[in-house]
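*Asks:* Residues per chain are reported as follows:
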Amino acid sequence: MIASFLPLWVLASSLVPAILIFLLPEQQRGARTALNLTAAVLKLVLVAIMTWGVAQGTVYEVRFAMVPGADFILRADAMACLFAGLSALLWFFTTVYAIGYLEGAPNRSRFFGFFSLCVASTMGIALSGNLITFLLFYELLTLSTYPLVVHRGTEKALAAGRVYLRYTITGGAALLLGIAVLYSLVGDVEFLETGSLRSVPESAWPQLRIAFALMIAGLGVKAALVPLHGWLPQAMVAPAPVSALLHAVAVVKAGAFGIVRVVYDVYGIEFARQLALLTPLMIVACATILWGSVRALAQTDLKRRLAFSTVSQVSYIALGVSLFGPLGTIGGLVHLLHQGIMKVTLFYCAGNFAETLGVHDIRELDGAGRRMPITSTAFTIGAFGMIGVPPLAGFVSKWYLGLGAFEAGMPWVLGVLIVSSMLNAAYFLPIVHRLWFRPIAGAWPEEHTFGRFETSAWFLVPTIATALFTVGAGLFAGAPFSPLEWAMLITRREYLP
Amino acid sequence: MSVAPAATLLALMQSGSTVAASPLIALALVIPLCWAVLTAMRPAPRQTLLVLSGLGIWNVASAMLWWHTRANGVVNYALGGWSEPLGIGLRADGIASSLVLLTAVIAGGCGVYRLCTPDADLRGTAMRWFWPLFFLLGAALNAVWLAADLFNMYVGLELLGLSAVGLVAVAGTTAALSAALRYLLAALLGSLAYLLGVALLYAEYGSLALSSVASGFAPTDTTIVALGFITAGLCLKTALFPLHGWLPPAHSAALPPVSALLSALVVKASFVMLLRIWLGPGAPLLVPTVAQGLGVLGAGAIVWGGWQAIQHADLKMLVAHSTVAQLGYLFVAIPLLIDASDTARAFAWDGLMLQIVSHALAKSAMFLASGTLIAAVGSGKVVDLAGVSRHMPLALFAFGLAAVSLMGLPPSGGFSAKWLLLQAALAGGQWHWAAVLLAGGLLTAGYVFRVFRASFLQGAEDRFTDTPLGWDVVALLLAGMAIMLGLLSTGPLDVMRFGALLQRGIT
Amino acid sequence: MTTLLQSAPLFYALVGALLVAIAFTAFAAHTHVLRRLLAFNVMGTGSFLILVGLAQHTRGPDPVPQALVLTGIVVAVASTALALVVFRRWYEATGHVVLPEDERA
Numbered sequence: 001m002i003a004s005f006l007p008l009w010v011l012a013s014s015l016v017p018a019i020l021i022f023l024l025p026e027q028q029r030g031a032r033t034a035l036n037l038t039a040a041v042l043k044l045v046l047v048a049i050m051t052w053g054v055a056q057g058t059v060y061e062v063r064f065a066m067v068p069g070a071d072f073i074l075r076a077d078a079m080a081c082l083f084a085g086l087s088a089l090l091w092f093f094t095t096v097y098a099i100g101y102l103e104g105a106p107n108r109s110r111f112f113g114f115f116s117l118c119v120a121s122t123m124g125i126a127l128s129g130n131l132i133t134f135l136l137f138y139e140l141l142t143l144s145t146y147p148l149v150v151h152r153g154t155e156k157a158l159a160a161g162r163v164y165l166r167y168t169i170t171g172g173a174a175l176l177l178g179i180a181v182l183y184s185l186v187g188d189v190e191f192l193e194t195g196s197l198r199s200v201p202e203s204a205w206p207q208l209r210i211a212f213a214l215m216i217a218g219l220g221v222k223a224a225l226v227p228l229h230g231w232l233p234q235a236m237v238a239p240a241p242v243s244a245l246l247h248a249v250a251v252v253k254a255g256a257f258g259i260v261r262v263v264y265d266v267y268g269i270e271f272a273r274q275l276a277l278l279t280p281l282m283i284v285a286c287a288t289i290l291w292g293s294v295r296a297l298a299q300t301d302l303k304r305r306l307a308f309s310t311v312s313q314v315s316y317i318a319l320g321v322s323l324f325g326p327l328g329t330i331g332g333l334v335h336l337l338h339q340g341i342m343k344v345t346l347f348y349c350a351g352n353f354a355e356t357l358g359v360h361d362i363r364e365l366d367g368a369g370r371r372m373p374i375t376s377t378a379f380t381i382g383a384f385g386m387i388g389v390p391p392l393a394g395f396v397s398k399w400y401l402g403l404g405a406f407e408a409g410m411p412w413v414l415g416v417l418i419v420s421s422m423l424n425a426a427y428f429l430p431i432v433h434r435l436w437f438r439p440i441a442g443a444w445p446e447e448h449t450f451g452r453f454e455t456s457a458w459f460l461v462p463t464i465a466t467a468l469f470t471v472g473a474g475l476f477a478g479a480p481f482s483p484l485e486w487a488m489l490i491t492r493r494e495y496l497p
Numbered sequence: 001m002s003v004a005p006a007a008t009l010l011a012l013m014q015s016g017s018t019v020a021a022s023p024l025i026a027l028a029l030v031i032p033l034c035w036a037v038l039t040a041m042r043p044a045p046r047q048t049l050l051v052l053s054g055l056g057i058w059n060v061a062s063a064m065l066w067w068h069t070r071a072n073g074v075v076n077y078a079l080g081g082w083s084e085p086l087g088i089g090l091r092a093d094g095i096a097s098s099l100v101l102l103t104a105v106i107a108g109g110c111g112v113y114r115l116c117t118p119d120a121d122l123r124g125t126a127m128r129w130f131w132p133l134f135f136l137l138g139a140a141l142n143a144v145w146l147a148a149d150l151f152n153m154y155v156g157l158e159l160l161g162l163s164a165v166g167l168v169a170v171a172g173t174t175a176a177l178s179a180a181l182r183y184l185l186a187a188l189l190g191s192l193a194y195l196l197g198v199a200l201l202y203a204e205y206g207s208l209a210l211s212s213v214a215s216g217f218a219p220t221d222t223t224i225v226a227l228g229f230i231t232a233g234l235c236l237k238t239a240l241f242p243l244h245g246w247l248p249p250a251h252s253a254a255l256p257p258v259s260a261l262l263s264a265l266v267v268k269a270s271f272v273m274l275l276r277i278w279l280g281p282g283a284p285l286l287v288p289t290v291a292q293g294l295g296v297l298g299a300g301a302i303v304w305g306g307w308q309a310i311q312h313a314d315l316k317m318l319v320a321h322s323t324v325a326q327l328g329y330l331f332v333a334i335p336l337l338i339d340a341s342d343t344a345r346a347f348a349w350d351g352l353m354l355q356i357v358s359h360a361l362a363k364s365a366m367f368l369a370s371g372t373l374i375a376a377v378g379s380g381k382v383v384d385l386a387g388v389s390r391h392m393p394l395a396l397f398a399f400g401l402a403a404v405s406l407m408g409l410p411p412s413g414g415f416s417a418k419w420l421l422l423q424a425a426l427a428g429g430q431w432h433w434a435a436v437l438l439a440g441g442l443l444t445a446g447y448v449f450r451v452f453r454a455s456f457l458q459g460a461e462d463r464f465t466d467t468p469l470g471w472d473v474v475a476l477l478l479a480g481m482a483i484m485l486g487l488l489s490t491g492p493l494d495v496m497r498f499g500a501l502l503q504r505g506i507t
Numbered sequence: 001m002t003t004l005l006q007s008a009p010l011f012y013a014l015v016g017a018l019l020v021a022i023a024f025t026a027f028a029a030h031t032h033v034l035r036r037l038l039a040f041n042v043m044g045t046g047s048f049l050i051l052v053g054l055a056q057h058t059r060g061p062d063p064v065p066q067a068l069v070l071t072g073i074v075v076a077v078a079s080t081a082l083a084l085v086v087f088r089r090w091y092e093a094t095g096h097v098v099l100p101e102d103e104r105a
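Chains as they are written, first to last, in this note's numbering: chain A, 1 to 497; chain B, 1 to 507; chain C, 1 to 105.
Treat the hints with care, since some could be wrong.
The calculated label-pair distances, taken between Cβ atoms and stated as ranges, are [as the list claims (entries may be wrong)]: (1) B/ARG46 to C/VAL85: 19 to 27 Å; (2) A/THR194 to B/LEU285: 46 to 54 Å; (3) C/VAL98 to A/LEU23: 28 to 36 Å; (4) A/ASP188 to B/ARG70: 39 to 47 Å; (5) B/ASP121 to C/GLU101: 25 to 33 Å; (6) B/LEU469 to A/ALA457: 33 to 41 Å; (7) A/GLY478 to B/GLY480: 44 to 52 Å; (8) A/PHE450 to B/ALA63: 15 to 23 Å; (9) C/ALA26 to B/VAL37: 31 to 39 Å; (10) C/GLU92 to B/ARG70: 27 to 35 Å.
Because the hints were derived from the structure by calculation, they are not lab data.
No residue lacks a Cβ here, since even glycine has one placed at the ideal position from N, Cα and C.
Sequences are here, hints too, so could you generate the full structure?
*Replies:* Okay, structure coming up:
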């Protein structure tokens with residue numbers, strides 16, 4: 001009984017805490033912290049059990065009729081576990097981080113409530129078994145992140161919230177229309193490994209192409225595909241844990257994961273190529289990779305530079321998806337995890353600098369390596385990972401993407417990867433240089449001291465942990481249940497025999 | 001008098017599954033009427049026990065009627081054994097039973113909300129007439145849902161108009177009084193137009209029963225003129241754009257539970273009549289031109305109502321204009337209901353039914369939550385909501401859940417309704433309605449997020465009045481039902497298809 | 001013209017139609033609430049004449065329209081009474097006889 005309802009339990013492990021937290025009075029700090037951490041650990045355990053089962057070949061599924069003609073389906077397959085695992089892991093660390101970050105701040109009850117709701121939506125996205133269930137959680141994610149973006153309640157935050165909504169609500173409408181077109185053609189569209197649309201007669205192919213374009217446009221908003229990325233740098237006004245969550249896990253990944261699902265499990269990669277859908281996607285992805293990096297160069301605000309870096313890096317996933325061939329697929333899927341771990345490390349570090357030293361601008365970081373060696377080391381690891389220095393996680397992704405480019409017969413894509421890596425280096429290395437090799441310019445803008453360590457332990461533990469994962473995912477890429485191994489497992493299941 | 005229906009009910013409950021349908025149908029009228037009389041005997045602003053017992057019995061009887069319809073299908077009943085045309089013929093089909101239950105649930109919520117109101121807000125000479133009018137309104141609504149002939153519909157509609165106007169006026173403010181007068185004039189005009197149409201139809205067919213008119217139906221000139229009058233009158237009462245001018249002032253000036261009842265149910269009564277007439281006897285005349293024309297007016301309502309809601313500085317006016325817009329969706333469904341494709345018609349019917357029910361739940365929750373917010377802030381302006389997100393989280397949350405359904409975002413009844421209508425539009429190749437549905441969702445997001453934007457601003461502290469917890473609970477429950485309807489709509493929709501009015505049959 | 005003279009019921013119905021038309025014009029033309037209320041009452045009477053007259057013209061003496069009209073009259077009286085109550089309260093509170101929206105227009 002428990003086993004077959006496992007996806008429901010995974011969802012409930014953040015939905016129920018969300019409701020409980022909303023009901024807790026603001027002052028109940030201890031109870032809220034305990035609840036948050038218990039739920040996060042519980043979810044990790046549940047996802048681990050589920051992943052183990054899926055590796056053994058079990059498929060967990062819950063379904064019931066939602067509206068006439070469409071079911072509500074939660075299903076754990078290998079792809080679902082990839083995203084659910086990432087979310088569960090990073091949720092745990094981000095919760096720890098957020099507890100420290102919001103110490104003494106107002107509206108914590110609201111913050112953690114929506115935070116948990118946001119993770120519940122992410123879990124729902126991961127576990128959705130068909131397009132309409134996916135849409136349901138995709139929109140729920142929009143709604144639950146809005147209060148987090150505007151959390152500070154300042155004019156600037158509200159303006160960012162408005163931009164965020166304009167993009168996401170319009171994107172949601174495009175996605176809804178795309179999905180509705182598909183449903184009107186073939187009925188309920190479930191996610192099936194190798195896709196489910198191959199049998200659609202050729203006369204309906206134009207509609208399939210329209211639906212694909214609409215869905216990618218809708219998903220592209222959250223995945224921040226150029227030119228739909230405008231909301232992301234603005235949303236940087238949110239508190240640091242939210243930025244970390246938005247950029248590393250929940251929002252951008254929800255979009256990227258949606259693209260992965262649509263290409264592999266709705267259309268099927270072979271059929272998508274037959275419909276000539278992959279090349280336009282690849283062009284958009286390449287344009288985004290380059291444009292995001294170029295814009296990142298020009299930013300002086302640390303979080304904004306990281307945001308543009310995200311725009312660029314998330315499109316590696318779309319690129320991997322659009323490269324036809326198992327190696328490209330592996331590269332894209334593994335980057336879904338790797339980018340999440342690396343980017344969350346970088347955002348934790350940015351938050352550490354801001355909260356400890358009051359530093360927001362890159363030019364103020366001179367010599368921070370001496371004041372905060374651990375944070376600066378973690379930042380350096382994350383930055384090198386992003387550039388693709390071996391043996392870190394980012395190298396593994398780029399290696400497989402490069403191989404995939406050759407396999408797909410498109411060596412020019414390798415050029416994009418090389419240019420992008422050079423740009424990555426161009427905007428990350430100066431920061432690393434400032435951290436370690438510049439003298440401290442004077443007093444920090446707004447320094448706080450946190451006892452024995454360079455900063456609060458609530459901040460340090462997640463930062464160290466994710467930095468270690470960045471190293472580990474690269475060093476132990478061949479170990480069982482490593483991101484790479486899991487991506488290979490999925491890839492074996494996604495291609496037609 | 002109060003003993004009789006209670007005893008009957010008890011007997012019915014004891015007899016278990018072999019409940020006869022007919023007394024249940026009668027009870028749907030008799031219970032609210034009884035309580036209207038009981039509360040009028042010693043009118044007072046607060047009659048907690050009497051009202052609570054009334055609401056409870058009413059809900060139980062309505063639920064039993066719904067359950068009976070679900071199990072046994074459509075039931076016809078002649079009240080007091082008198083057959084038509086002199087007697088009152090009632091008919092509990094799927095839509096009628098479902099709406100009877102919906103009325104009981106929403107009236108229950110609004111009634112409890114009213115009972116929680118602090119004494120200070122109950123002062124005013126007219127307040128003691130609230131409960132008699134409230135129960136009368138319920139009886140009138142049930143009369144319209146269950147009516148099987150044109151004249152009973154008329155009586156129900158008139159009773160409904162009168163009790164609704166009375167309830168608006170009970171608030172006692174000058175704004176409420178002038179809105180009530182305007183509402184009354186519009187309602188009277190509308191029902192006279194309807195009555196003229198009925199007179200013409202009777203002259204032509206010699207019967208007022210929908211079924212007899214349908215069986216002898218011929219598209220003569222008189223019939224066309226009659227349907228024209230009926231449609232114009234009912235559209236005025238449903239506040240279809242551009243005949244909606246009376247609605248926003250009336251719905252915004254009334255007391256919160258009254259606004260909730262009016263927006264959720266009263267405007268739907270005339271729409272359901274319209275539906276019964278056009279899809280019943282009038283079906284041969286519902287040609288694509290007419291249907292598309294009604295749809296265009298509906299689209300106008302969606303755009304105009306949405307745009308007005310975005311502009312208005314006043315919270316309740318915003319919500320009232322949202323009703324104008326949401327009623328537009330009902331009319332947009334009409335061209336889809338006569339689509340050539342069976343699939344499209346089936347989807348359109350389900351979508352329309354779900355829109356009626358989920359809008360009723362969501363809008364009543366939204367009006368109640370707005371009332372709470374306004375009472376807490378002490379001002380009806382949207383900009384004055386700054387800071388309520390911290391001080392009134394529950395009311396704002398209820399408002400938010402209701403807004404999710406109105407925007408048509410999942411998971412909610414509003415989403416499922418939009419989804420079904422979208423499927424109908426795509427299946428029938430009527431793409432333009434798909435565009436209207438999506439645009440309507442975006443406009444709705446435009447005005448509801450104005451409220452959130454205002455409420456998330458950091459405002460001054462300590463300027464909030466405490467409000468009763470019961471207010472929040474009721475609004476949350478109603479909004480929660482609107483949300484749950486999105487996940488569990490197939491059961492209710494199955495019932496609403498019983499005796500569906502689609503002549504070519506639902507698949 | 002000949003049918004009109006031959007059938008008294010039809011004559012009533014036509015007079016009713018005329019009354020409705022006149023009253024509707026008055027309803028639209030006047031903004032004073034009491035005048036509108038009067039117009040409504042005349043309109044009601046007109047439609048009752050149509051209801052009875054037309055039915056008797058097409059199918060002879062018939063109790064049903066009579067019963068309907070009786071109900072209609074009760075409803076009209078009740079509506080008028082309610083309107084007068086609300087109007088009086090409003091008039092006492094504001095001193096206006098024209099609704100605010102009409103005043104602006």
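*Asks:* Which earlier hints can't be squared with this structure?
*Replies:* 3, 4, 8, 10
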